[in-house]
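> Take a look at the letters that make up each chain.
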Amino acid sequence: MTTVPVPVTEDATGFGEVRPSAPRPRRRRGRGGDAALFPPLRGLLPLVGLMAVWELTAPDHSPYFPPPSTWGEGLADLWRDGALLPAALATLGTFVVGLGVATALGALLGLLVGAVPGADKALGPTLEYARAMPPAAVVPLATLLIGYDGTMKVAVVTSAAVWPILLNTRAGVRQLDPVMLDMARSLRLSPVDRGRKVFLPALLPSIFLGVRVAAPVALVITLLVEILTQVRGLGALIALSQRNYQAARVYGLILVCGLLSLVTNAVVTALQTYLFPSRADG
Amino acid sequence: MGSARVLLRRVNGPGVLTMLVLLGLWEALIRFGAIDFQNLPAPSAVAARSVDLVLSGELAGNVVHTLRVTLIGWTAASAVGIALGVLLGLWRPAWRWSMASIEVLRAVPPVALVPVAVLLFGFSVRMELLLIVYAGAWPVLINTIDGVRHVRTELLDVATMLRLSKLAALRKIVLPAAMPAIAVGLRLALSLALVLAVVAEMVGNPRGVGNALIAAQQALQPEEMFAYVFTIGLLGIGLNAVFRSVAARALPTPAPVRRRGR
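Protein chains in written order, with numbering that gives the first Met the number 0: chain L, 0 to 281; chain W, 0 to 261.
Bear in mind the hints are in silico, worked out from the structure with no lab data behind them. Among these hints, one or two may not hold up.
[As the list claims (entries may be wrong)] Derived CB-CB ranges, DEER-like:
(1) W:ALA240 to L:LEU274: 31 to 41 Å
(2) W:VAL241 to L:GLU54: 43 to 53 Å
(3) L:GLY48 to W:THR74: 28 to 38 Å
(4) W:ALA93 to L:THR268: 20 to 30 Å
(5) W:ALA78 to L:ASP181: 45 to 55 Å
(6) L:LEU258 to W:ALA214: 34 to 44 Å
(7) L:GLU127 to W:ALA214: 26 to 36 Å
(8) L:GLU54 to W:LEU86: 25 to 35 Å
(9) L:VAL47 to W:VAL50: 52 to 62 Å
(10) W:VAL245 to L:HIS60: 42 to 52 Å
(11) W:LEU166 to L:LEU84: 52 to 62 Å
[To be verified] Looking from chain L toward chain W, a few residues come up when the C-beta cut is under 8 Å (computed):
(12) GLY42
(13) LEU46
(14) TYR63
(15) GLY123
(16) TYR128
(17) LEU223
(18) LEU227
(19) LEU261
Backbone N, C-alpha and C fix where the C-beta goes; we use that ideal spot for every residue, glycine too.
Can you build the whole structure from these sequences, using the hints too?
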């Protein structure tokens, strides 16, 4: 759904080719490497300018473009009503559980499709079709079959977030070292042991790469379900505020959603760097 | 004759079989009452309802509306994304002075803007189109910036050597070289455009397949709802397939796998 920060390869930093003999210190949070990945902060100026113009030109109680200074009041109102925190927690909860279920399911299916000969071909078209299905179309289905509740939200989020994880796991399975697989065979590991001791550790980085791509998708779909079904959460709050023409609240909530998406992305990326330092950049 | 045989060979037998088996299983479970969801229709009932919808022309009308809006919005998004992407990718000051703003704006999920769009433009096609253009422009923009910035230096040297004007170099060297990256953005934007069209129709614009889906849901007609869900899935997979075959034909060399900055 959203644009996703996919790991940038070495040469994309624009420094030319990499010399393995003289590796730059990669873990340092310094200016050098990150400068190319992170655009300079002065680039924020147009946004700041836009906000300033908005603030100065918009009438105070505009039903469409309330000035940015009123957004905070809108949020404060929601906070005093005791609506903001539960909604944010509900959204976050659905996001985490949905992503978790998607990870388990995606890893399992990816392993199946990647490792079992013929499974890819047999399941391919069905999975391809399910993947092409816009998540929005799944929402009425889920509400009809499950109802308007948290389970429904998690189911829809899972149905959308499972794909990047499945595809990355499948790709990971195909890149496994054949020697390692031979080793497992010659040690006569049982299928369960083979999964636990060989596949899982070797595949974790691939699975996590999928999780990183899936995380923004999961967040967007969480909001989408909430907007469409009014089941509690930030999305439902946005839709409700819009219906009551409380524009300041709507913009304030969108700001919160943007922050949430920045924070979750940063957390997932940091987790990846922490867990798999060698893979985080490439 | 020959082409028919090639086509036949490309059909994935086991894959189609699995699909049919799954559908058969679903049908059987409903028929024999093994599962008793009161709202889950059998595939045969869905198929019958689909035939009705096709014959009455209702389905076609909704599909045409959604497809038209999706494609118009996608075209506009592509134009905006490529134009801005070339500007930001090739002109460093523009990039330096605006990229951080773009990264921040990009973080806002487009879906969260649906209520705002309804607030501003009411229940209209304009609202639907604007959402599609807004959401679709981002991946094209990001991929275009990336593509034009990473054209191989040898190619740029060729442009210098041939003394091409800046415009000619852009048209003859830079854009073709960046095309594989741009195509990735275009494909992402196309599927996003369809998603946003469906969402906009579900929430606001009273036309198209998204609206028909909601109408069927509210009228408690699960057969019709499933018919539209399957149609939307077919639209998604169809658009993707058409794009792929056009891209494969239009791009001179097999596109190298470049997935940077989706």
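> Determine for every hint whether it applies to the structure shown.
Results of checking the hints against the structure:
{"no.": "1", "hint": "W:ALA240 to L:LEU274: 31 to 41 Å", "result": "holds, 37 Å"}
{"no.": "2", "hint": "W:VAL241 to L:GLU54: 43 to 53 Å", "result": "holds, 45 Å"}
{"no.": "3", "hint": "L:GLY48 to W:THR74: 28 to 38 Å", "result": "holds, 30 Å"}
{"no.": "4", "hint": "W:ALA93 to L:THR268: 20 to 30 Å", "result": "holds, 27 Å"}
{"no.": "5", "hint": "W:ALA78 to L:ASP181: 45 to 55 Å", "result": "holds, 53 Å"}
{"no.": "6", "hint": "L:LEU258 to W:ALA214: 34 to 44 Å", "result": "holds, 36 Å"}
{"no.": "7", "hint": "L:GLU127 to W:ALA214: 26 to 36 Å", "result": "holds, 28 Å"}
{"no.": "8", "hint": "L:GLU54 to W:LEU86: 25 to 35 Å", "result": "holds, 27 Å"}
{"no.": "9", "hint": "L:VAL47 to W:VAL50: 52 to 62 Å", "result": "holds, 57 Å"}
{"no.": "10", "hint": "W:VAL245 to L:HIS60: 42 to 52 Å", "result": "holds, 50 Å"}
{"no.": "11", "hint": "W:LEU166 to L:LEU84: 52 to 62 Å", "result": "holds, 55 Å"}
{"no.": "12", "hint": "GLY42", "result": "holds, 3 Å"}
{"no.": "13", "hint": "LEU46", "result": "holds, 4 Å"}
{"no.": "14", "hint": "TYR63", "result": "holds, 6 Å"}
{"no.": "15", "hint": "GLY123", "result": "holds, 5 Å"}
{"no.": "16", "hint": "TYR128", "result": "holds, 6 Å"}
{"no.": "17", "hint": "LEU223", "result": "holds, 5 Å"}
{"no.": "18", "hint": "LEU227", "result": "holds, 6 Å"}
{"no.": "19", "hint": "LEU261", "result": "holds, 5 Å"}
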